[in-house]
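**Q** Protein sequence lines, in the order shown, are assigned to chains R, G and L.
When we follow our numbering, the leftmost residue of the first sequence carries the number 1, and every step to the right adds one.
When we follow our numbering, the leftmost residue of the second sequence carries the number 1001, and every step to the right adds one.
When we follow our numbering, the leftmost residue of the third sequence carries the number 2001, and every step to the right adds one.
Be careful, since some hints might not be right.
Computed spacing ranges between beta-carbons, pair by pair [as the list claims (entries may be wrong)]:
#1 ASN313/R <-> PHE2135/L: 31 to 37 Å
#2 ASN313/R <-> LEU1346/G: 37 to 43 Å
#3 ILE2113/L <-> LEU1162/G: 37 to 43 Å
#4 PHE2135/L <-> LEU333/R: 47 to 53 Å
#5 LEU1346/G <-> ILE2292/L: 38 to 44 Å
#6 GLN223/R <-> LEU2033/L: 47 to 53 Å
#7 LEU1346/G <-> LYS54/R: 28 to 34 Å
#8 LYS54/R <-> LEU2033/L: 54 to 60 Å
#9 ALA1230/G <-> GLN2161/L: 42 to 48 Å
Chain G stretches covered by chain L per the calculated footprint, using a threshold of three residues with CB under 8 Å from any CB of chain L [claimed, not checked]:
#10 1292-1303
#11 1317-1327
#12 1334-1345
Derived by calculation from the structure, the hints in this document are not laboratory data.
Think of the CB as a built atom: it goes at the ideal place given N, C-alpha and C, for glycine as much as any other residue.
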Amino acid sequence: MSSRECAYTTPEMGESDGEVHEPARAQADQERPPLLEIQALKKYFPIRKGLMGKTVGYVYAVDDVSLKIRHGETVGLVGESGCGKSTIGRCILRLHEPTSGRILLDGCDVLSLKAHDLLQIRTQFQIIFQDPYASLNPKLRVRDIVGESLRVHGLAGRDSWEDMVRELLMKVGLQPDHMRRYPHEFSGGQRQRIGIARALALSPKLIVADEPVSALDVSIRAQVINLLDSLKAEYGLSYLFISHDLAVVEHIADYIAVMYLGKLVEVASDRDLYQDPLHPYTKALLAAIPGQDSMGKRRKNNVLSGDVPSPINPPPGCRFHTRCPHVMDRCRLQEPSLVEMKGNHMAACFLYD
Amino acid sequence: MFQSDDGNFRNQLALVRDRRGHSPGGAGGRTRYRTVPKDLLELLVRCNDCRICIKIRESMRTYIIRRLIEAVAVCLAISMISFFLLFLNADPALLLLPPEAQVEDIARFKSEMGLDRPVIIQYVDYLGKIVLHGDFGVSFVNKIPTVELIADRFPATLKLALASLLIATVISISVGTIAAIKRYSIIDNIATLIALMGQAMPLYWLGIMLIIIFGVWLRVLPISGDDTWAHLILPAVTLGAWLIPLNMRLVRSGMLEVLTQDYIRTARAKGLKESRVIIKHAFRNAAIPVITILGMQLGSMLGGAVVTETVFAWPGLGRLAVDSIRMGDYPVVQAVVVIFAIFTILGNLAADILGAVIDPRIRLD
Amino acid sequence: METSTGTDIEREAGGASPRTWLKRSWQLRMGILGGVVIAGLILTAIFAPLLAPRDPYEQNIAERLLPPSFFDGGQSAYPLGTDQLGRDLLSRLIYGSRISLLVGLSAVCLEVIIGVLLGLLAGFYGRWIDSVISFALNVMVSFPFILLAMSLVAVLGPSLQNIIIALGCTGWPVFTRVTRVETMKLKERDFIHAATSLGFGTRRILLNHILPNLMPAILVIATVEISRAIILESLLSFLGLGIQPPTPSWGVMLAEGRDHMLMLWWLAAFPGAAIFLSSLGINLLGDAVRDIVDPYLRKG
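Chain R with its partners taken away, still in its complex shape (with noise of 0.2 Å):
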C-alpha cells in the first residue's frame, strides 16, 4: 500500500501480517477504518563496543507488535518498566524511527513520509509525558507552551491565539490568568495539565499518553484520569494509554493490551481481562494490585518468581516462562503466537492450545 494525501483520499483496508485483532466496538463506527494501525513494529537498538563501534548485540525492545486503534477509542499498554511500552508510544510519534514495520494513520503510512508532510500529520497525534517537571519548558511563560504549536502550525492569528489558550487552560482545569506563569509555580498535577492542554491546541485525533499519571501523588491521579475520560467525550479522542499499573488503567481503557519484554501476550477488551485473565503473566499483574480489585476475586497462586530479563538477551521460546508458575516443555523450545482465544480476546499461551 502506497502512502498518498493522507488527509483527503479513503484509505482502503490492508491486510497486516502477524497477529490482528478486533476490538470489542463500543460507540465506534463499524465502516471506518482504525485510526491508528501498528503493524509488526520492530524498534531494536544496536549496541556498539571498540574503537570502531561494532555491533556486538541488540536491545530488543519492541519485537514484532501489532495493534489497532479505532475513532474515539481508548486503549491500554501495560507492562512493566522496560518492557517497551514507552518506546512504541515514541515510535508512533517517530521521535524514534523503527527498525521495521508499519505505522498507519488513518490509512497513512506515517514512516514514509517526508519533512513537508510529516509536519502536517503531526498534528493528528500528540503526547503527554510520564514527568511533568521535565515535560514543560522551564523558560517559557504557560501561554507559549500551550499556544506556540497554533502559532506555527497558522491555526490561530495574532489576536485570537491567547484566546485559545484561555479556553484550553479552562478546559483543563486551569484558570486563565495562569497564562503568565512560569511552569515551576506550578504543582504536578497542575502541570500535568498544562501539558494536556497543550497536547490539545491542534485538536489531534490521537493522544499517547506515556504513564501520564506514574508521577504524581495518588490523590492526584484520578482527577487527571477523570479529565482525560471527560476530554474523550468533548474532543472525540482516542488514547494509546500506556502505563505499568493495570489499576490506573481499568477506569479508562475500552481495550487493554498487556506486553512482556518486547511482546504482547494478551489483548483483550476491558471487562474480559479483569473477569477472565487468560495469560500467567497478566494473572500475576492483577494479583499485584493491592486491595481487593474491583472483579472480587483474589488470585493467590499467581506469584512470580525472579528477575525480568535484560531485553538484550531475551530468553529463547516463550519470552515469560523463565518466570511462568505453569511452564511446560513445550514454551521453552516455541514461541507462542498470540491467537484468539475467545470472542475478541487474543493471548499467546500453550496453556490453551
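Please build the complex by placing chains G and L on the supplied structure of chain R, with the hints as guidance.
**A** The following block gives chains G and L in isolation, referenced to the frame of chain R:
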C-alpha cells in the same frame, strides 16, 4: 532514557552519574536499570539512528589506545596549523634573503630551497624531517639548528616549572587542607580572599610588583637573568603564586567533600585520632582530583611560563618563543609551539588516564 | 584555564545551614562591590573626556617623569605623575579604560557567537559534526594559547581590531564545551520531544527552546571571559604585539613603565592596578551572577 556519548570517557560517566542522581524519567527511568543485569549496568551503548543510547564502558586498553590516537592527531593538526601560519604571513624566501635581492635571485633561491613546491609537499617534507631526523630546521635569526636552540633553553624552563610547581603544591595543599578542616576560620577567609584576588591578578603585573618591591625597594633579590639560585626565587614565586588560587580552592573543596562523607564519620566514631583520619583517609581521596587537575594545568603553566620568563628576562623556552615571534623567526616558533603542545597534551592525557585508573567514578564536571 | 572564579565547587561540598546564610550574604555584598567597580569602570569609559584632566596624547617634555603629586617633586596638575614623554598618567589611565572595555566586550561577543553556534551544532546533530567540532576543540585547547594569540596578531598585524579578532577566535572553546554538553542533555528532555511532536522545525527548537535554557550558563562564563580578555589584551600589548603606542592601552602603559621600573615604579604600578581592580570587580560580579542564576540552573 540515557544520553548520547560525548566521546570523553570521564564525561560519559559524569553524564551517567547525573542521570542516576536526577532521573527525569521518573519511575520509568529509574526502574529501567532493574531490568538490565548488573554487569550491563556499566555498559554504555552507542545508538545510531535515535537518541536513546546505552553506553559501553570501554576497557582501559581501548580507552588508552583511543586517547593516544587522538593525541597524535591533535599534534599533527597543531603542527600543520603552525606551519601554515608562516605562509599566511610572508614569503619565507624574502625573509631569508637580503633586501636587495633581485627577482631572479629570489626565484633561484626558491627552487634551490624547494620553496616553490606546493605547500602540502613542503609540509610533508617538514614533517618527515622532524619525525625521521628530529630536524626542526634552522633558525632564521641565529643560523643555528633550532633543536640546539631549544635544547639550550629547555633546562631553564624546566627549573622554573618545577620550582613554581613545588611552591604552588606545597602552599595550596597546606593552606587548602587547613581551610577545609577549620571552616569559616581566619585561615579559611584568608584562603578565599587569596583565591579571589589571585584569579584576577595579571601574572605579569604580579611579577613587576614583586620586582619593584623586592628588587628595587628592598634590594634583596636579583631580578633578571639566571646566574644564581637566588635568581630563581622571584620568578618561581611569581609563577607559583599564579597557580595557587585554583589549586588551593580545589584542595579545599576536595577535602570538604571528603570530610563530610560518612566513612569519615565512621572513622572518627571508631576513635581514630583526628590527624590520622585526615592523613590516611581524607587526603588520599582528595588527592585524586588535585593530581588530575595538575596534569591539566600543565598547559596553562606553560603559558604562564612564557609571561614570567619575559618579565624576568629568564632565558627559557617561553622567552625564546616570544622573541622569535617578534622577530619572525618561524622555524623556532613552529618548533616551540609543537613542543609546548606536546607537553600540554601529555599532561592532559596523563591526568585523564590516571584519573580513570584510580577511580573510574571520578566526577570532573 | 577557563575555570570560574566563584565558590560553586565549595557550595557542592556539604555545608551547614545557618553558616551558609552568612556566607551567602557575604557573597552578595562582594557581588555588589563588584557591581560598583564595574559600574565605575563603565562610567569612566563613557565619560572619559569629562573626567580626564588633560589630553592623554599631549606631550610635555619639560615635565616628563614626574612622580605622583603626593610624593616629593610631584605637581598637583599631574595627580599620578607623567610618563617619559610628559603625558599625564591619570588621563591615560582613564582613556585606557575605554580600550579595555571595548576589547573585552567585543572579543567576548565574538567568542560567544562562534562558541555557542559550534556547541549547538555539535550537541544537537551529533555524530560526525560532533566529531569534527570536538576534534577542533581538542586542538584549540592543546595549542599554547598565548602563542596562538601572539602568532595570529603577528600574522594579521597589531591593531585593535586584530586583537579582538585574535582573542575572539581563540577563546571560543570554553563556550563550545559547555554548550555542547548542555545541548546534549537538553536534547533528551521531554519538552524538546514535545516540541518535535508539535511539528516545530529544528531552527525553532534550537533558538526558542534550547538556547534560552543555555543562557544562564553562558552568561556566567561570559562574565569571567571578559576579565580574561582584558588581561590578555594588556598582555599582548605588554609584549608589543597588541595595541601600539601612543594609544593609551593599559598594557602599553605597563610595557612602557617596565623600562623605567627601577626608578619610576608608578609608571608600571598604576596601570597594573587598574587592570587588577577591573578584573577583580568583574570576577566578583560574575560570582554574584552565578549565585542568582544557579537556583534556576538547578530547577530547570
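**Q** Against each hint, give a clear statement of whether it holds in the structure.
**A** Hint by hint, here is what the structure shows:
no., hint, verdict
1, ASN313/R <-> PHE2135/L: 31 to 37 Å, "36 Å, holds"
2, ASN313/R <-> LEU1346/G: 37 to 43 Å, "42 Å, holds"
3, ILE2113/L <-> LEU1162/G: 37 to 43 Å, "40 Å, holds"
4, PHE2135/L <-> LEU333/R: 47 to 53 Å, "51 Å, holds"
5, LEU1346/G <-> ILE2292/L: 38 to 44 Å, "40 Å, holds"
6, GLN223/R <-> LEU2033/L: 47 to 53 Å, "50 Å, holds"
7, LEU1346/G <-> LYS54/R: 28 to 34 Å, "30 Å, holds"
8, LYS54/R <-> LEU2033/L: 54 to 60 Å, "58 Å, holds"
9, ALA1230/G <-> GLN2161/L: 42 to 48 Å, "44 Å, holds"
10, 1292-1303, "holds (count 5)"
11, 1317-1327, "holds (count 4)"
12, 1334-1345, "holds (count 6)"
Violated hints are absent here; each numbered hint is respected by the structure.
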